Amino acid sequence: MKKIKYILTSVIAAGIFFSCDLDRFPASSIDQSQSFQTVSDADKLVRGAYATWRGLMYGSYQMLSDVQSDLLHATVAYGNRNGNYYNWNFTSADTSLPWAGLYYFIANLNNIINNIDNVTPKDDNEKTQLANLKGEAYLMRAYAYHVLVQRYAKDYEPETAATDLGVPLVLEYDITLKPSRATVEAIYNHIVNDLTEAKKLINATKNDVIPTRVTDDVVTALEARVYLCMHKWNEAASAANSLINKKTYPLDDTVDAFKAMWVDDNSKEIIMQLFLSDVESVNQNSTYLGYSNGTKKYTPDYVPEKWVYDLFDAKDIRKTVYFKTDILDILGTDYTGIYMINKYPRTERFSASGDYQHSPIIFRIAEMYLISAEAAAQSTLTEGAALSTLNALREKRGLDALNGLWGETLMNEIRNERTRELLCEGFRLDDLKRWKLGIKRSQAQDATIITPSSINLEKLVGDNKFVLAIPREDIMTNPNLKGQQNPGW
Amino acid sequence: MKKRVMLILSCLLLSVGLITAQTTRITGVVVDDNGEPVVSASVSVKGTTVGTVTDVDGKFSLNVPDSKNTLVFSLIGMLSVEVAVSQDMRVVMENDTKQLGEIVVMGYGSGRKLGTVVGSVVQVDATQIKDRPTANVFDALQGKVPGLQVYTNSGEPTSLSSIKLHGAGSLGGSTEPLFILDNAPVTASTVLNMSQNDFESVTVLKDASATSIYGSRASNGVIVITTKRGARGSKPVVTLKGQYGVSNLASKKFLDGFLSTSELLNFWRETGLQPTATIDNIEKQYGNVNFNWADYTYQKDAPVYEGSLSISGGADKINYYISANYLSQDGLAYRSGFDRSNLRSNIDASLSDNFKIGLNLNLGYNTRKANPDGGNALNGGISYLLQPFYSPYDENGLEYMDKPIPGVNFYSQKYRYEKFPYDENTVSFNGSTYIEYKPVRNLTFRSQHSMDAFDVKLDQQRLSSHAGALGNGYVLNRFQRKTNYTMTNTAEYKWSLDNERHQFSVLGGQEWIDYKNNYFSTTLYGYKDDRLTLLGVAKDNPEYGAGKEEYAYLSYFSRADYSLDNKYFLDLSLRNDLSSRFGKDNRSAWFWAVGGMWKIKKESFLESLEFLSGLDIKATYGTQGNSDIGNYESYALVGNSNYEGSGWILSNPGNPLLGWEKQAKLTVGINASFFKERLRIDLEGYNRVSSNMLVDVPYPYTTGYSSVTSNVGELVNRGFDLAVSFDFLKAKNHYLTGWANMNYNRNKVTKLFPGAVNDKYWIRSGYSITWAIDQPVSLYTPLFAGIDPVDGNPMWYVPGDDPTVTTKKETTKVLSDDLEQNTGATIDPPYIGGFGLTAGYKDFSLQVDFGWAIGKHIINNDGYFAKNPANFTSYNVNRDVLGNYWKQPGDIAKYPGTHVRVWTEFDDRLVENASFLRLKNINIGYNIPKKLIAKTKYISNLKFFVIGRNLFTVTKYTGKDPEVDSNLTYGGNPNTKQYSFGIELTF
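Each protein sequence line maps, in turn, to chains A and B. Counting from 0, one number per residue, gives the positions in the first sequence under numbering that gives the first Met the number 0. Counting from 0, one number per residue, gives the positions in the second sequence under numbering that gives the first Met the number 0.
Excised from the complex, chain A in its bound form (with noise of 0.2 Å):
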């Protein structure tokens, strides 16, 4: 018993005076102090932008802007998804997206940006190594700002840049900073700027195979996006024509090519596409179509307004390739001859009941054509040449060259073109903007399976709802927004 108490009076005492480490770690993360210190880290923190930079791409971030434009219908089976921007009657609740991700992509980018000159690289390959990772994160950055002053802010006009508002400027990985908006031309001049350093930053080339980082020529074809939205007519098409010009990327001028791009994200023509597998998957665009595995029918939420079908040509390789006819399942009945959207086909590369995951484009060189034409249209000067590259490529896609058109019917058919080529990639809404237009949706294909609210909605160039909302998380928690809202919101 003596033995008993002995034992048991040292076990409670021993527990009395015990202490213990309080410190706790997620396995699942390490602090931010430590993971900015070699080369490796700085390339893994490049590489989750990038991964960032992905989950910003297609599904809700590309589909919304077209949704609200004039290029679709919604069908009675729509269940109102995405019904706030088809009908413009979203609000400032619900205008989060892309502007959170984008920010905190760029919160992201400004760490890289802020503290890669901190590490101190072993030797000249790692020199090098550490500028390209530099440039890229510039460029990422550039590429944020130009969607979200886009989204969020009026067109860029030079006369009233300099005191229409933009977004707030961040450029500095702070969390305490709470900036005003910047003007829309201090934007754009920061967007130069980040492309200017990009520039001189990024050694990487395409080789043989489609880019899924950042090249020398990415940084090219975001300039020429961005000086076409600055009115910079000669940077931008001189931008578009110089990868034009290196003939890296031809055009694809047969079905089956074209086609590739769209069901096996494989063409020539891609400048960069953001990496895709079947662990590291996207935003899906399954809207179009909505397939089902069981009917073997499709259920899409939102076809194409007639006009839209008929404006491609019987000869046009993009009119196979970009829209799908089958059995449409609407609320149990079964219809035929409708069109829907197949630019985002159902696919059994990555699952095999099928899904709508592809690499999202970040450029193809189609629109360097575009951009190359729409800038050129500007001066009587360069029609002749605007004609030509509208021209390059119209017969690539099966059409044929047009002639004698200047002026107002020249500046109409790159419209046209560029609803075409690029239909449904999420930039109409921002080229209605720039081309001062506004919506009108028209005719249906079929009646029978559109909802009948919104199918002829109207509404004029400049209406407020071109522009999104600052969200109004910012706007409470942002004294500095305060009166800056966008106006009618």
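The set of hints was computed from the structure by calculation and includes no laboratory data.
Only some residues are given here: those of chain A computed to face chain B with a beta carbon under 7 Å:
| hint | residue |
| --- | --- |
| 1 | Ala26 |
| 2 | Lys177 |
| 3 | Asn292 |
| 4 | Ser352 |
| 5 | Arg471 |
When the alpha-carbon atoms are kept at most 16 Å apart in a straight line, the in silico EDC-like pairs for lysine to aspartate or glutamate are as follows:
| hint | chain 1 | residue 1 | chain 2 | residue 2 |
| --- | --- | --- | --- | --- |
| 6 | B | Lys547 | A | Asp22 |
| 7 | B | Lys759 | B | Glu713 |
| 8 | A | Lys153 | A | Glu184 |
| 9 | B | Lys893 | B | Asp879 |
| 10 | A | Lys342 | A | Glu420 |
| 11 | A | Lys481 | B | Asp817 |
| 12 | A | Lys481 | B | Asp800 |
| 13 | A | Lys295 | B | Asp401 |
| 14 | B | Lys583 | A | Asp22 |
| 15 | B | Lys583 | A | Asp20 |
| 16 | B | Lys731 | B | Glu35 |
| 17 | B | Lys583 | A | Asp30 |
Small disclaimer: the values here were computed from a predicted structure and weren't measured. Note that beta-carbon positions come from the ideal geometry of N, C-alpha and C, so glycine has one too.
Please arrange chain B on chain A, whose structure you already have, making use of the hints.
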């Protein structure tokens, strides 16, 4: 008292007595105050280990050493008596029904009699809990404890209750109380793994004096659960219970409010919301079907059954309680249910006069099934929107099995759950062991080690034969282990001076809590054969997941009590806690409390007041903490996000300054009883101030984050609890006690965070929940101003400059978020309570419990779906819209014209009063008369009972169920009601 026949151990006990030399044989009989024999009472010789128990006739005999002259008689449920030794003794023991259950466990250390506790505690005893036909024991507390708000959010059998004491105490941190099971903290889900048949009592500790000793995490009150133990020196008591019942929806009012096929098609024709051709096609193909989807989603008469067996008893140095329980409850939704088996063994043993050890063990195995199509799923929570002209049965009445239901385009629920096997089971182990050592009189050292552990295993599949993905099955396996180790060491010393006039006790202790929760999972696709389902058979699209959550607490605490003349009581407590969750320099926090009580009735100046039987006044003040946030919030982190195989992204902003949320609570109370304790009134007022609250403070998205967890703000909850009970009848054969209680709680935000609008208010975007200075947490939405009879457009009031003040002057037809203003509606009701009665007449007993809440509000998001035919075109509609919408100028209508797309906006039309009164429990029992039982010789009690839960509800709320504890609800699996029948047999 009736006869019992089991006579175990008495021989053994007698033999102990025989060893002692020089003894005298003493015999006698023990009877109760009605003169009936007391069976199995323990009889011992004071100051020795000699003892026996009484037989079926209440008789005993034992050899008493000549040196001893006092016998002690005790039996659980009766008052112990000490009687001088004499020949042919006749000892009367009195029933102790009131004292039983009144020993309360007060944080660490020995229990105390309720009447001597300074702190505010309310105990609910086992009889009110054990027969309830639900796995969730907390549901039984609704309306029972003044100030304790208990809502059961869902009809899922695995759902737990949401519990708040004295209002919501934090804007950001958890508002859930701390659960203590047999002296160690556990989670509510641990309790769900146990049988309520094993619970002795559930005690709610409400004020600072009672809770501060628990320091960390005690700010929301403490719920202490004790499990049953056997009584020393009592014969084995075997209890066998079986119960069977059925569940149905508590209310079908909402679900029955939708249109039939002809009504819906006519409505569409009338409104033009669908193209005529679409309507014609539907009518042609499906016009003769009229199906009720709610009846398909929520089935009828889902069974719930339960069986339990327990054996308890004890010898002079050991006592035991051993039980086995089984419960099976089906939910109303497909594949929803809970199956629970558990074994409990509680054993205490004295090794010597000053050493005691004990072991409590609960082993559980359960299978949880929850319908996966809840919430926002058309084949689940919002199936009421499905069109009545579609049906899961074909024209021959057969359920569509391998093809989607035409029209709705998904597979029937029955088929889905055949093809998506789901098996989640939990092995739970909850054990605690203690050693108690009393080196000298009145000094107790105690060391307790507890482990609360779960292994949860999930096997989920999509069979390859599923027609929707033929030949591409998947298998998901997940394994999770949670362990929570608690070590508690205490030393307690009690002493008294001046012939027990001054009584003291002091306690000091230390506690270490170490929590670990790990899981890993793998999903693989490409399975081709339903029989080959192990991981690795197929290898496509592998998905791997893993997680780790850990925390630790290190605490030191002390308490001191003093009482004078059993009239004046004072207690003090002090505690220090360190938590791993906070920034390195902010881990430590001190909590303290002081309390006093005055038993005024004991003063001579009140002695003459005959009608007053007791009067106590209490006041306590103290501080508690809250640390209920994520485990790694204080760190700025970088996590994984792969691109081409690797990658890091910012994953948490971090806040190294993060520290404890603190609360100070002042409670003043009066406990009074009148007319020989027939009438009892308890009144208690409190002021609860929470500060440095753990809130996810909103940040602009431009920072890259939406919020950062920080210590901010101040919140006050002020109110009172009132409880009254009265014994209308108090005879042995017929008794009737009525009781009622209520709580009033006024909740007020007194300080916000930098960044709040005008430093005055903050509307949580998307939640409508608003925190505004000097106001209770309220719902802010646009205020609907009616439909303009001229053009059929909806109108809203334009708020004034300050949206915290309701302004109803100008109107607008343009809806925007800027229209949000104070609706005056609070989520948490200012008034909650309950009432009921317990009654008995001869062998019948009756218990009735009601719970109620007044001033509770919910945003009925189901109403948004159900009353928006122009927004959710093609779906079914609530009947309310029929004939109620604007058609032509001059119409006074409830809903706008068909040109308006959103008929019901998120405005105050959806903010509904969800006050309710619910019959939580009715239990009618019948004991077979003892005379009949006695003939069996070995059955000591046989009881039949019928029990009902949630049998009726009174509410104006038009949604699915008013009991939901949330700002907003949609697609919920609503509460159920049960009828159940049971038999309890005691040997």
